[in-house]
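Protein chains in written order, with our numbering: chain A, 5 to 477; chain B, 7 to 235.
No lab work stands behind these hints, which were simulated from the structure alone. Predicted model only: the values in this text are computed from it and were never measured. Heads up, some of the hints might be wrong.
Unchecked claim - Dumping the calculated DSSO-like pairs for lysine-lysine here, alpha-carbon to alpha-carbon at most 30 angstroms:
#1 A:K417 x A:K31
#2 A:K13 x A:K477
#3 A:K33 x A:K386
#4 A:K360 x A:K373
#5 A:K197 x A:K101
#6 A:K33 x B:K66
#7 B:K9 x A:K101
#8 A:K381 x A:K360
#9 B:K21 x A:K386
#10 B:K9 x A:K360
#11 B:K21 x A:K381
#12 A:K373 x A:K13
#13 A:K373 x A:K33
#14 A:K13 x A:K31
#15 B:K21 x B:K9
#16 A:K477 x A:K33
#17 B:K21 x A:K360
#18 A:K13 x A:K386
#19 A:K417 x A:K386
#20 B:K66 x A:K31
Said to hold, decoys possible - Partner residues aside, some chain A positions facing chain B, computed with beta carbon under 8 angstroms:
#21 K31
#22 S274
#23 V275
#24 D290
We put the CB at the ideal spot given by N, CA and C, even for glycine.
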Amino acid sequence: MQVTSPAFKDNAARALADPGLQKALGKAKGAFLQRRAEAVARLPEFEALRDIGRDIKNHTLAHLDFYLETFAANVERAGGTVHWCRTAEEAREAVLKICREAGARTVTKGKSMISEELGINAHLEAHGIRPVETDLGEYIIQLRRETPSHIIAPAFHLNREDWEADFRRAHTDLDPNRVFAERRDILAEARAKLRQKFLAADVGITGANFLIAETGSSVIVTNEGNGDLTQTLPRVHIALASIEKVVPTLEDCVSLLRLLARSATGQDFSVYTTFSTGGRRPGDLDGPQEYHVVLVDNGRSEMIGTEFQEMLRCIRCAACMNHCPVYGAVGGHSYGWVYPGPMGSVLTPSLIGVDKAGHLPNASTFCGKCESVCPVKIPLPKMMRHWREREFERHLQPGAARTNLALWAWFAKRPELYRLATRAAVAALRLLARGRGALPSLPFARGWTVGRDLPVPQGRTFMAEYAARQRRK
Amino acid sequence: MSKEAILSAIRRGLKRGPLPADQRLMLEARLAAHPRHLIPARSRLPRAEQVALFIRNVEKEFGSVRRLADAREVPAAVAEFLAAQNLPPRLALAPHPELMALDWSSRPMLQVEARRGAAEDAVSLQHGFAGIAETGTLMLPSAPDRPTTLNLLPDTALVFLRASRILGAYEEAFDLLRAELGGMPRNVMLVTGPSRSADIEQTLELGAHGPRRLHILLVDDDPAALSAP
Chain A
5 MQVTSPAFKD NAARALADPG LQKALGKAKG AFLQRRAEAV ARLPEFEALR
55 DIGRDIKNHT LAHLDFYLET FAANVERAGG TVHWCRTAEE AREAVLKICR
105 EAGARTVTKG KSMISEELGI NAHLEAHGIR PVETDLGEYI IQLRRETPSH
155 IIAPAFHLNR EDWEADFRRA HTDLDPNRVF AERRDILAEA RAKLRQKFLA
205 ADVGITGANF LIAETGSSVI VTNEGNGDLT QTLPRVHIAL ASIEKVVPTL
255 EDCVSLLRLL ARSATGQDFS VYTTFSTGGR RPGDLDGPQE YHVVLVDNGR
305 SEMIGTEFQE MLRCIRCAAC MNHCPVYGAV GGHSYGWVYP GPMGSVLTPS
355 LIGVDKAGHL PNASTFCGKC ESVCPVKIPL PKMMRHWRER EFERHLQPGA
405 ARTNLALWAW FAKRPELYRL ATRAAVAALR LLARGRGALP SLPFARGWTV
455 GRDLPVPQGR TFMAEYAARQ RRK
Chain B
7 MSKEAILSAI RRGLKRGPLP ADQRLMLEAR LAAHPRHLIP ARSRLPRAEQ
57 VALFIRNVEK EFGSVRRLAD AREVPAAVAE FLAAQNLPPR LALAPHPELM
107 ALDWSSRPML QVEARRGAAE DAVSLQHGFA GIAETGTLML PSAPDRPTTL
157 NLLPDTALVF LRASRILGAY EEAFDLLRAE LGGMPRNVML VTGPSRSADI
207 EQTLELGAHG PRRLHILLVD DDPAALSAP
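Chain B with its partners taken away, still in its complex shape:
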């Protein structure tokens, strides 16, 4: 058995046999407690500044953000963004209850299909689980109502995010994931800006295999985040 051969070679190198029970217990306790290490101070800020840091970092990584006072403004904001970018008024939508509940009929020109992403999609709208201010990163876990392909296949990826879901550090986002989803979904993407490559002469170009544009519709549902610094 290769498994046994590998494990015994490791133990031989470590000059010991299988771990004694008390040491195993200690390691299992470490896994269960999953202690945090040093978290950079940059994201420990009052709410309003934390949200501002998130936005600043998204923009630094070539994404864009539009703040909306209410989720009901999302269909209009989507329509306006597509028109401004000269994109067809058509999008694939994550079948998430919060997005499905929006009144898309208020924008009759907009064709909206709730489904997974397809290769020919120009535009998608995903439901964001959390935002991480530290680096302007979106956490997008997979679920039946959050298909992964929406993050990858369209040319333009739109993401719905509530300001109350913006956290400071990655650790906080994973704790939220553990608390709300009870474990790891099949796929968790941490997305920081649109797709890019520097493989040609180490020079950065946007729009490799993933979306060329990343636009976040940020719904200001957190009063504490509104008081502008």
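Extracted from the complex, chain A is given alone in its bound form:
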């Protein structure tokens, strides 16, 4: 996948000026928040479960080698095959090889972010195999030759008009004058179109929300049922999963499942939660003959033992981006790679390098909402700060930012001067404001005020106020 993260600022500016995107973001913003809050309110144990979720993931990561080996052994005991892949190239090759050996012409796909990360579709297409996305959101994204803008709602950036126009453009065999009276008419058309694809596919590729060491199972969670059709109907099922998806037991998995749907869509449980273990058993009337797990590292193992290890707890619920004011303003595509929002701002620099993704951890107001809703309590703001430090250490920021920081630090280390300077700044801002409450523009900082106003200080400096209060006591 093409990386545009270095152009985050331009991407964001374009996103803010895109009326269609702003309409879609405005419509969608409240829905996830309210549904999550209601689901959490219905489960008094939710907070306690967050601690448990965090502990399960920490325990697994501390023994990740053991649990991966156990998982692989149990997949093989159930008749499946595990393909260990260090890099994206290895994973793409492993998938292509399985598809070729199956003589595949078309491949159906369930929603998978790791597939986006690895660029599976482009690789298959380049080798004459046609991938068909079957998740409704992914389906339209594929029609539009776009990438998902959200990790659980790929078409978050689209409006109903876009769906109708794209379906008319793509489904040319249908009556061009047909009417889409309701959203469900769009859904029905996709269902009919994809039904044929499900039946024709030679291989089905899904992601995995969890892998279970105890049983050698891969778990997918969907509402549509497309993932299940993908892994049940074709002769071969490939589950793509990164190494941090493993959990020890079914009990560990269901504890995390209690957090996942509530945090993601605000459902108590998703419609289909399915555990796949090996291929078809003797006497079975359906199910795939072959079951493969493509187990992908692609940079995760390098995060272990670093200050970013806790990011590997992520269960990809998207609560952090749903609650993020930055994501809500600029949408997912601005982030320029697979993973947007706060989790993307931490994960993307780990996977593609802080030199390319340095803007992302800076695109945060540090309001802390992401950490407060994270079902496995990942300290996202703290880790974004770590990335800022690394960026500073590696001299990746623009010269002006470094000079200004150095200037600020010089004052901050000299409290008397610092107080004097802040007093002067307060007075100067008030003078500039001439009675107004906010400044629409500032000399030397036009870039900053283009998109926002600077509130004018209403009283004295913090230190002056503090000293006055101490005296009053």
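Based on these hints, arrange chain B on the given structure of chain A.
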């Protein structure tokens, strides 16, 4: 070998070599004991209330339930449901002994075929392994007499379930699975309501790729579950 490379990178990060034998034993014991974590209190209820909670949760998720006093009433209940929904009197049936033993000839208008699901099926009847009251979820494991395609391909999915098989939490259902089936079948579906999608403007619509309707025929074989709260 990529496997070795991944494992040694993990161990390098964890600042240790392969796990010592005593630690391995501890982890293996944890796997064997598969301890439960906190289970929400909501499903720990007297039997009758637990079954009522299951039904309430199925209905909250847009499924429907009909309670029957006896399994022998199932063919009539199926025929009535199909007629009421204006559906053709034809269904694909899981070849499970309990469903095969029903007297389908009592409803001669009803065409019943015991087989896997097919793309053109309008209606299926699956044999439910367990119900989970916590969220109104069905546990549907695959087996020669419980084909997975019956859960997915038809427009309307009917599920036969005995009230005695309704449990409180997911953990209890997995323990039942371990005890009765001796391990994981190829496929275990946990199904909560009919198929849906919210991909168009984050607005929920029923009937994505799976069944548009989910109807449970609940056979009241558990006297304790009957005393209405």
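Hints, verified against the model:
1. For the suggested pair K417 of chain A and K31 of chain A, the alpha carbons sit about 47 angstroms apart, so the restraint of at most 30 angstroms is broken.
2. The hinted pair formed by K13 of chain A and K477 of chain A fails the criterion: a straight-line CA distance of about 48 angstroms is larger than 30 angstroms.
3. With a CA separation close to 25 angstroms, the supplied pair K33 of chain A and K386 of chain A stays within the 30 angstroms bound.
4. Only pairs whose Cα atoms come within 30 angstroms are accepted, and K360 of chain A paired with K373 of chain A is accepted, the gap being roughly 25 angstroms.
5. For a cut-off of 30 angstroms, the pair hint linking K197 of chain A to K101 of chain A stands: about 28 angstroms separates their Cα positions.
6. Among the hinted pairs, K33 of chain A with K66 of chain B is consistent with the structure: their alpha-carbon atoms are about 24 angstroms apart, no more than 30 angstroms.
7. Between the alpha carbons of K9 of chain B and K101 of chain A the distance comes to roughly 18 angstroms, so the proposed pair stays at or under 30 angstroms and holds.
8. Between K381 of chain A and K360 of chain A the alpha-carbon distance is near 27 angstroms, which keeps this suggested pair within the 30 angstroms criterion.
9. With a C-alpha separation of about 23 angstroms, the suggested pair K21 of chain B and K386 of chain A falls inside the 30 angstroms cut-off, and the hint holds.
10. Restraint check for K9 of chain B and K360 of chain A: the C-alpha separation of about 29 angstroms stays at or below 30 angstroms, so the hint holds.
11. With a C-alpha separation of about 24 angstroms, the suggested pair K21 of chain B and K381 of chain A falls inside the 30 angstroms cut-off, and the hint holds.
12. Between K373 of chain A and K13 of chain A the CA atoms are separated by roughly 22 angstroms; this keeps the pair inside 30 angstroms, and the hint holds.
13. Distance check on the hinted pair: K373 of chain A and K33 of chain A sit about 14 angstroms apart at the alpha-carbon level, within 30 angstroms; holds.
14. The straight-line distance between the Cα atoms of K13 of chain A and K31 of chain A is roughly 24 angstroms, inside the 30 angstroms bound, and the hint therefore holds.
15. Taking the CA atoms of K21 of chain B and K9 of chain B, the gap is near 18 angstroms; set against the 30 angstroms cutoff, the hint holds.
16. A C-alpha spacing of about 46 angstroms is found between K477 of chain A and K33 of chain A, which places the hinted pair above 30 angstroms, so the restraint is violated.
17. Distance hint between K21 of chain B and K360 of chain A is fulfilled; the C-alpha atoms sit about 29 angstroms from each other, no more than 30 angstroms.
18. Between K13 of chain A and K386 of chain A the alpha-carbon distance is near 22 angstroms, which keeps this suggested pair within the 30 angstroms criterion.
19. A distance of roughly 23 angstroms separates the Cα atoms of K417 of chain A and K386 of chain A; the hinted pair therefore holds under the 30 angstroms criterion.
20. The straight-line distance between the Cα atoms of K66 of chain B and K31 of chain A is roughly 25 angstroms, inside the 30 angstroms bound, and the hint therefore holds.
21. Of the supplied interface hints, the one on K31 of chain A holds, with its beta-carbon coming within about 6 angstroms of a beta-carbon of chain B, less than 8 angstroms.
22. About 7 angstroms separates the beta-carbon of S274 of chain A from the nearest beta-carbon of chain B, less than 8 angstroms, and the hint is met.
23. Because the smallest distance between the Cβ of V275 of chain A and any Cβ of chain B comes to about 5 angstroms, under 8 angstroms, the interface hint for this residue holds.
24. With a least beta-carbon distance of about 5 angstroms to chain B, the hint placing D290 of chain A at the interface is held under the 8 angstroms criterion.
Checked against the numbered hints above, the structure violates hints 1, 2, 16; every other hint is satisfied.
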